[in-house]
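Sequences listed follow chains A and B, in order. So for the first sequence, my numbering puts the first residue at 1; every next one is plus one. So for the second sequence, my numbering puts the first residue at 1; every next one is plus one.
Hints were generated in silico from the structure; no laboratory data involved. Note that CB positions come from ideal geometry on N, CA and C, so glycine has one too. Just so you know, nobody snuck in bad clues.
The following label-pair restraints were derived from C-beta to C-beta distances:
no., chain 1, residue 1, chain 2, residue 2, range
1, B, 172, A, 224, 17 to 27 Å
2, A, 219, B, 245, 49 to 59 Å
3, B, 188, A, 232, 28 to 38 Å
Which chain B residues stay away from chain A? Per the calculated CB distances, all over 10 Å, these:
no., residue
4, 20
5, 55
6, 151
7, 178
8, 211
9, 246
Residue strings, one per chain:
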Amino acid sequence: MPETIPMHIDLADGGWLAAAWNPADSTAVGAPVLLVAPPGCEYERCHRVLVAVAARLAESGVPCLRIDLSGCGESSGDLPEAGPARWATDVAEGLAEVLRLARTRKAVLAGLRLSCRAMLEPAVFGHPAVAALALWEPVLSGEAQLNEWLVAERALLAPYGRVPQVDSAGRPRSCLGHTIGLNLASELAAWQPPTQVPARPVVWISGLRPVPAWAQAVDCRPTPFWDRDPAGELIPTAAVAVVVKAIATLARSAHDQA
Amino acid sequence: MTKLERPLRFAHGLCATVTEPEHVGTVGAVFLSAGLLPRSGPARLYTLLARRLAGYGIPSLRFDASGVGDSPHRRDGLPLAQMMVREPAEAMEALQREVPQVRGHLLIGVCAGAYAAFLAAEADPRVVGIVLINPQDFVGDGAWASMAHARRLGDSARRLQAWINLATGRTDYRKVVATLAARVKSRLTGADSVAMTRASAINARMRLLLERDCRVLCLASGFDDTAHHLALLYGDIDHPLLRTERIDGAEHLLRNPQHRDDAIARIVDWAEGFAAVSAEAREVVEL
Chain A
1 MPETIPMHID LADGGWLAAA WNPADSTAVG APVLLVAPPG CEYERCHRVL
51 VAVAARLAES GVPCLRIDLS GCGESSGDLP EAGPARWATD VAEGLAEVLR
101 LARTRKAVLA GLRLSCRAML EPAVFGHPAV AALALWEPVL SGEAQLNEWL
151 VAERALLAPY GRVPQVDSAG RPRSCLGHTI GLNLASELAA WQPPTQVPAR
201 PVVWISGLRP VPAWAQAVDC RPTPFWDRDP AGELIPTAAV AVVVKAIATL
251 ARSAHDQA
Chain B
1 MTKLERPLRF AHGLCATVTE PEHVGTVGAV FLSAGLLPRS GPARLYTLLA
51 RRLAGYGIPS LRFDASGVGD SPHRRDGLPL AQMMVREPAE AMEALQREVP
101 QVRGHLLIGV CAGAYAAFLA AEADPRVVGI VLINPQDFVG DGAWASMAHA
151 RRLGDSARRL QAWINLATGR TDYRKVVATL AARVKSRLTG ADSVAMTRAS
201 AINARMRLLL ERDCRVLCLA SGFDDTAHHL ALLYGDIDHP LLRTERIDGA
251 EHLLRNPQHR DDAIARIVDW AEGFAAVSAE AREVVEL
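Whole structure, please, built from the sequences with the hints as guidance.
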């Protein structure tokens, strides 16, 4: 099992992004991967699965840097103060760090759920160091994410005879203990699906959502672990294997081109 | 501004975050993994609480136990019961290496982390206080669990909403029937008396901890069996160092911002006695 090195990426404003670096077991055979955890309540539910993906990538010779977005996990700040613009900047910071750690000029961006949307900002995917993108069960609009969080909050509260608190637009004020706040809810609601798409290889790993024309489909049996309590769930090893294979293929291709 | 937090690896590669304020005293806090959740805790409870405690001059370390979060599995085959004592001890040593002023420790845990805090406190005289948030596993006995759950059902039966939930299908009546059946079985088979014997032993161990001047704060969520577990276990202990508080309406992992913030406020209030920073000089650290 490759080692995991916890680290911080220091930001210019005094904050930091928490990260975990999994160097490749032996000589790297693929470009490094920046793996970005989803924000909010899905962070906790997806953490174990992303740890498994990063470890298996490293075992197969693909170094991987996992990051927590601002206001999430071990990173600085709180969720209501973060938002789409900040998260897009976070991905760019993570990209710079993974290039520095792996001493390469190209890297693959891999996201899960809403973190995929941050990668689809032109300023992020347009960076010359981005070789390819892997989008795992992507959520492409903030509105869709808010709706899913509302459903999750409703499911949590139903056994106690309670209903979620919502703002005047019907958006959840919190999800599973994470405050969303009015500003973040408004920013998310305005975060529409991307109008520009990357002119780079993009794989779309999903068993739930139809693949757009600009991406290549990788079929993955739907295992909505982001919607379930990790204490009652096994790591979906079959899905992890599919995801690792898809990302590693992109990373090797980028490595060969480099 | 000096950066308040830094990552750390210790022992056999356990991953952690150290929070070190500018002014520190001699007491630090160690957060213990809440089940399989990463070291930020449920709804980031540990991260937010660590940053609040920093404002009081209390440095802290939160870590992923073996096989949890970013930490690797142990390779020495150490049994779980021993791991729950050894890893908190290793974490305390790591915090003392990082922040040499620290001499005494507070252990803070939710659910399984609370149980680990109790075990580790018993074993280590450096522990001067423990915060047990919704501990349930003290007795590790099916009869005990059904006893506590039945007490909770008894409480619920006095609330109109509970009957509405039952009538409208919001409450799983099969679970209610199963609990009542388990109670009958436990009484008939004598399992109750075995569970009570185990509980008495836990009660005696808690008394020993208190006699050692270890302060204890138990937080129990209203929508959880914990309050009933604690009432059965420690209800007869009247000791100034044992404080039990209930957070009404909260569920097991405090996944509501008000309940989480309420828990943080209560813990900070309790921990004030360990604060290294005077109230006048204190400022809430915001990151």
